[in-house]
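Going down the list, the protein sequences come from chains A and B. If you count the first sequence from 1, you need to add 866 to reach the working numbering. If you count the second sequence from 1, you need to add 30 to reach the working numbering.
Derived by calculation from the structure, the hints in this document are not laboratory data. Errors might be hidden in some of the hints.
[Unchecked claim] Here are the simulated lysine to any residue pairs, SDA-like style, with alpha carbons at most 20 Å apart:
no., chain 1, residue 1, chain 2, residue 2
1, A, 1393, A, 1348
2, B, 117, A, 1061
3, B, 117, A, 1138
4, A, 1393, A, 1405
Spelled out from the first residue to the last, the chains are:
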Amino acid sequence: MHMNSWLLKLLALLMAFGLAAAACGNDDDGGVATAPDEPAPAEPAEDGGDSPAPAGDDAPPPADDGDDEDGAPAPAGDENIAPAPQDEMMDNCEATVAGTEITMGMFSETAGLDPTVSSGSGTTGMIELASMFDVLAIYDQVNKEYVPHLAESFSANDDLTQWRLTLRPGITFPDGTPLDTSVVQYTMERFLREGGRNQGRAYVAWIEEYEIIDDLNMVFHLDRPWGTFPYALSDETGMVVNPTVVEAIGDEEFNLNPVDAGLGPYNIARYAPGEEIVVTAKDDYWGGPVCVETIRFIRIPGSPGTYEAYQNDEIQVAFLREPRIIAEARANGDDTNGHVFLQNAGGVVFINNGVRGSTPPTTDVRLREAVALAVDPRVMDERANEGTGQPGSSLLSPNSIYWDDELFAPVEPNIERARELVQEVKDETGWDGSIRLACHNAPSRIDWAIAAEALLEAAGFEVEVDNDGTVLDLIGTVLVNADFDLACWGFNVSDETPFIPVLQFRSDAGNNRIGYADPNMDAALDKLQVATDNDEIQAALAEIWVVWRQSWPSAIYETIEEFFIWKPEVGGIVGTQASALLFHDAYIEQG
Amino acid sequence: MLRAIGLKLVRLVPVLIIVSLATSLLIELVPGDPILAIIGMEGDAGDYERIERELGLDQNVFSRYVDWLANIVQGDFGEQITRPGVKVADRLRQTFPVTMQIALMGMVLALLISVPAGAWAAYRAGTRFDRLSSGTAFGIISIPSFLAGLLLVFMFVFHSAIPRYGVLGLGLLWSLWLLGSTWRGRRDGAERALIRVAAAVVVAGLTVWLANKWPSFPRQGFVRWTSDDGRLENLRSAFLPAITVALTEIAVFMRLLRGDMQATLQEDYILSARAKGMPPVRILARDALRPSSFSLITLAGVAFGRLIGGTVIVEAIFRLPGMGDLIVNDGVNTGDFPVVQSGVLILATFYVVLNGAIDISYSYLDPRLRRAR
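Isolated chain A (complex conformation) (with noise of 0.2 Å):
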């Protein structure tokens, strides 16, 4: 009787068990997504991506032309005028599910939610605020030119110092105050104050004087010429903030929870810092309807992560960032639909030109060619990414839009010539050879250093590698001390913004951080600051790397790319600047 009794109890255990356990569950089948059977390599998208139209061609009339009233400076050239702010198909979302939600895995996470707080770009919280702020204007992707957004239209006087900026009339936020000029001085000058973290203090710095016309018109002054200004109008420096909100609750709350505080299709829901932002639609956003009710941003550490909930439809959106993972990413056919920001000269090695009066022995411009000719960027992708990545020795990619096969002809590498300059030195000064290299310890940054010790050994140096720190150690060494002579690092050059990141070379730059001066090169940058299409962004980029070529400030060994894909049922979503994607007119199809 004893052992029925036990028998029993332990039946009845495990039928609670079971449905306990069933009970988690849902009731399909358990089905997991999973890669096609046959996966189709795909050829990287020329035009860096593959996103849809943002526009119509409706666009409504031009702004006032200039020709003020007021006596104000009429600025000069081609204006840039808004195109409509909606798909038409997506004017009343009909072809896409009601109500439904967007995860997106993220590449890191944001520091905050205010716009002078977040560091920027896509890889770190520009996504996220564009769609609760939206932005002055945007990138269009496939004219590839700046184009007015919550703007209606913006132009330049002739010598470029002078902007002019007309705001769409009738946009409020949602406590009822209308975006007018003085709400983007404001929101402009909030990127001086104390406690700002954004770069774009940097180039906000750079208005001298901003001009109010009246309500809708304004004039930035510049202190210098600058052809590519809108970048500034699309960066987090166009993301106009209510100043009513920020005012009420202060910054620090504003950081955290800034609701009804931007222009943008989306309202924060819920902010928990390291775990998610969730954004639910505005049912009066400027631009029409929003279709997909909530998105969820979420940070899955590393791409391989990223990539398996993506392939587990536990999200939506992804952002890839490792060569690997993005090449198995297209192997499995799963780069239809997406976008690709490339950054060129991504992988750079970082080389000491004589930064704060330091006398590294690489101020001499022989051993920085010499370690340009030694790099060789097919043996450091085989190395540190498995053969997967993007090598190339120029200052753009084959796949940028500035790219000329003869403009941007890429550095061979020349190991034999490598030599015969590392011995030159040697015999000339007495030096020894000796060079230090700093990294830091990411698995695939290792492998990096391995292969870039091996190169560079080949030539002629004995290198000190240090890559036992982390990355915030790197930036400590590099930025803080500068006390390295050559450094694993990346320039960034988008095709959307080239100006922004080179302008590091210039002699008197403040974050020169290599200690590079060139006359050559200040007069090269001079150009590209003053170019206004991309003829001229070219010409000025090619000039650059000619000079590049004579002075040898680093050794470009890899363009990254930023590798966004989203579901196919998803659709919708635009790419802009800084690898980031705007949601305003992103909707799920229906079946």
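Chain A is already provided as a structure; the job is to place chain B on it using the hints.
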């Protein structure tokens, strides 16, 4: 009793002061600088100096510690350096329940599996069951938790057919074994045969049903107990992390209990109970388990305390917003010392209180200790 509790609470204070001071010194020694985390790769030396000045981070470690301690005494855990305006207390409130749930579920799963298995292995020492359970335990102990987590993801998330049909196969085999035992024990009586057949049918039915309703598990993320998605979603998101945590503990608990209980089963009063014809389950559960559980309870307490602060690997694998993730990623890696110090303080408090509670529980387990007091 109250005096004992009071004494333990008093002893808590110096322990926490020593722990927090040691943490403060250690965080100073390890790499990590919150200002570097703030400026990132786009900053420069000027930015570094500006932010250092703005945040008042140019104080020495002892000044910082005294300031922090003074705030703690007033109940203020301070703010995160790397996230302006984010209160450390809010982060702790947000992360502690996640880790607590995973640790608690892991411990409950570990005890539910290890106690019956360990007790039965002790009772049937030297038999096939004992050898099989011991071998399995040694195998599980040798798998580190990060590997166990990834294996569980591989099987339960991406190849769910493996555990699904594995359970189905085992269940059906068990059912067949029960039917076979009915035939082998056909002389035991009709009632017993009927129970065995019924059990075989129940086991077969249950496993087929379970295989049919096999739940899908998420690769990452955590649904909170209080979420609108419901309790079942919470359990579903916590299941794989909890199993990962439980696996190592199961093996250790099982081996420990088996050894202790084997010794207890040699006691005269157990032999006497057996001689009286008491059923084995009653002997194991009522007579042998309590005196055999001292080591198990001590170890379980220590393990539970350890899990609260030591699930960082599991949290990383499954992207759980827990204490380990907070202290390591938001604290140690970026040198955000208010996060590290406050997090460690909470863990140390929990750990010391838990062990004090275990000490007190001994007197309930062994009347001799109660009388001695």
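Is residue 1393 of chain A within 20 Å of residue 1405 of chain A, Cα to Cα?
-> holds (9 Å)
CA of residue 117 of chain B to CA of residue 1061 of chain A, is that 20 Å or under?
-> holds (16 Å)
Holds or violated: residue 117 of chain B with residue 1138 of chain A, Cα cutoff 20 Å?
-> holds (12 Å)
For the pair we were handed, residue 1393 of chain A and residue 1348 of chain A, check the Cα-Cα distance against 20 Å.
-> Violated, because 29 Å separates the two Cα atoms, which is more than 20 Å.
Checked against the numbered hints given earlier, the structure breaks only hint 1 and satisfies all the rest.
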